[in-house]
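> Below, each chain spelled out in residue letters.
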Amino acid sequence: MRVCEWRELGRVRYGDALRLQRELVEKRKQGAIPDQLLLLEHPHVITLGRNGRLQNLLAAPEVLERAGIEFFHTDRGGDITYHGPGQVVGYPILDLREWRRDVVAYVRALEQVIIEALAQFGLRGERVEGRTGVWIDGRKIAAIGVHVSRWVTSHGFAFNVSTDLNYFRYIVPCGLAAPVTSMWELGARAELREVHAALVAAFSRVFECEMIGPVIPAEQVK
Amino acid sequence: MIDVVMPQMGESIVEGTVTRWLKKPGDRVERDEALFEISTDKVDTEIPSPAAGTLAEILVPEGQTVPINTVVARIDETGAARAPSAAVEEAAAAPPAEQPAAPPTPAVPAAPEAAAAAPAAAAVEDLQAAAEAVGPLSPLVRKMLREHNLDPRLIKGTGAGGRITKQDVEAYLAARAREAAAPPPPPAAEAPPPPSTRAEAAAAPPAAAPPPAVAAPPPAAEVTPVARAEAPKVRVEPMSIMRQRIAEHMVLSKRTSAHVTTIHRVDMTRVARMRERYKAEVQQRYGFSLTYLPFITRAAAQALRAYPLLNASIDGTNIVYHNEINIGIAVALDNGLIVPVIRNADEKSVIGLQRAIADLAARARSRQLKPDEVHGGTFSITNFGSYGSLTGTPIINQPQVAILGVGVVEKAPVVVDDDKIAIRSVCLLSLTFDHRLIDGALADQFMQKIKSVLENWSEEVL
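Respectively, the protein sequence lines represent chains A and B.
For the first sequence, the positions run 0 to 221 when numbering that gives the first Met the number 0 is used.
For the second sequence, the positions run 0 to 461 when numbering that gives the first Met the number 0 is used.
Chain A on its own, in the form it takes in the complex (with noise of 0.2 Å):
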């Protein structure tokens, strides 16, 4: 069976979230670890994707600076997103030659993940066809964004268990008028560790693969 090792990050500034991704990526297309899959929070951030238009910003520069909200264009698929506390964001890093050669089936199998363990808390995600991401009564509560090089997938899903939706009024999210919701706003008063979990158990059985973690805490001492 496939392994995928997994890390609880905390968190993680959304720079320093890209320059591990990259490394990671690096040693992935090498061989030289298995695949991953990062958990984290980032701070309140908002990014842009390549093919993002500037325009889904409602918010000047200096306004997001107030408001503590760092800003960035980044490298990956989608439109704009708000990133912030109470929002699982996960990031794996596979290499779909060993799963399947397949970028759409892939947004797919995350889209599952996150359907199965909305699951666990009574909640029933749902696909909306032409709108990447997943669902709940036409409110958006999980977005997907991937890059793709050689293979090897970086980026991934942005979920809403606790987010202040608040902030998501600076921004069009995902470039689609169409509003957010999260696992809180929905009763469901997970804690960010247990729907972790949740994510976990899912993706080992979405991408079939054995899930080893979390590595990051364990093996610091002298």
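FYI, nobody ran anything at the bench for these hints, they're computed from the structure.
Warning: the hint list may mix true and false statements.
[Stated by the list, open to error] Just the calculated beta-carbon pair ranges, DEER-fashion:
1. B/LYS232 with A/PRO60: 51 to 61 Å
2. A/GLU22 with B/THR316: 42 to 52 Å
3. B/ASN343 with A/GLU22: 31 to 41 Å
4. B/ASP150 with A/PRO60: 15 to 25 Å
5. A/ARG192 with B/THR77: 58 to 68 Å
6. B/GLN367 with A/PRO60: 51 to 61 Å
In this text the structure is predicted, and so the values were computed from the model without any measurement.
By construction, the Cβ of each residue, glycine as well, lies at the ideal position given by its N, Cα and C atoms.
For this one, chain A is given, so just place chain B on it according to the hints.
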């Protein structure tokens, strides 16, 4: 001219959008270097160049969506090869992927390696010529052709537009192996069998950084006469994944925390007597030996109750106090270490702690820990005294803020009350703490609490 086509990034995908050209017409491009980016659904993909040469023309501009296998650009290979400077560049960039001269391989295997490299180099030239006859080849297929020294014109392509796919090469190799069953095996037979997906990932490094494993020199046995004359001065082997993880985390911790270590001497005589008294009975009744570690762990748990800042972690500019006292115990493995966690350590007796320590250590060594058993620690203890160390300055186990190091318990002459010298069991305990959160005074109070519990040990073991 080599055609660059819109690749198919999945079964159901019929078209793709060019989002960005990373090269301009006239730019030099290496084989496998990222050439352009495409977008399908919510996925952005970098597409590597199928060949080295000059980007001759771009046929599909940024922002345009085209069906898969549409030619989006052309690369002029020959032009590049004719230009002397470019040829030098290419020689420097491409062949080393197969022939890593740079890594410190000893001189010994040079001869067989050079012999192996010669046909490969020839095949590269063939490939350039043959590519024009059979159309574009993917980087993977090129690599396979080179590895097995095959002429692509002999292989029937079944891919889009008659392109040769990986499966085609594998089928060809399998057929050839069947034909050549009786006579001496072709050179390809020595190469690994058609790569499994796992092996393929390991064997397909980017051209710039070939791991030594890929082109490992042949076993020394084949070159014994030379080997004896010039024994290699070094041996290079890749780190295990666990080793890499440990390295990464140690440096991460050093970068994260402001490490300070304080060392306290503790008189363990009372604990030593207690241990002597119950050792045999514990062994008989529970089947494990009684060590000093559960006493120290118990004292540490009590001190953590008294000084909760030592049981905290840092989140940005917040202090996170953990209500549970979960103590990680570092366990040395054959070539690494792991820190399984005793949950709610403050609720356990000395016997309960000893049982947990023995159980976690045994399962750590047989690699049978469950993920949640190495997770959620709020403080750590490392017992280097068991290897004879007097004291040490351990590295904090992130995101914790302190770690206790236990030195060896030894009998030593100690000046006791009334200026007499007595023989006592003594141990040095060291605490590395994160000065971002904990000041020296607090760290030392914490240590004095541990010292006081141990020196005045009164709790019965059984």
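> Decide, hint by hint, whether the structure agrees.
Cross-check of the supplied hints:
no., hint, verdict
1, B/LYS232 with A/PRO60: 51 to 61 Å, "holds (57 Å)"
2, A/GLU22 with B/THR316: 42 to 52 Å, "violated (26 Å)"
3, B/ASN343 with A/GLU22: 31 to 41 Å, "holds (36 Å)"
4, B/ASP150 with A/PRO60: 15 to 25 Å, "violated (58 Å)"
5, A/ARG192 with B/THR77: 58 to 68 Å, "holds (59 Å)"
6, B/GLN367 with A/PRO60: 51 to 61 Å, "holds (53 Å)"
This entry does not satisfy hints 2 and 4, going by the numbered hints stated previously.
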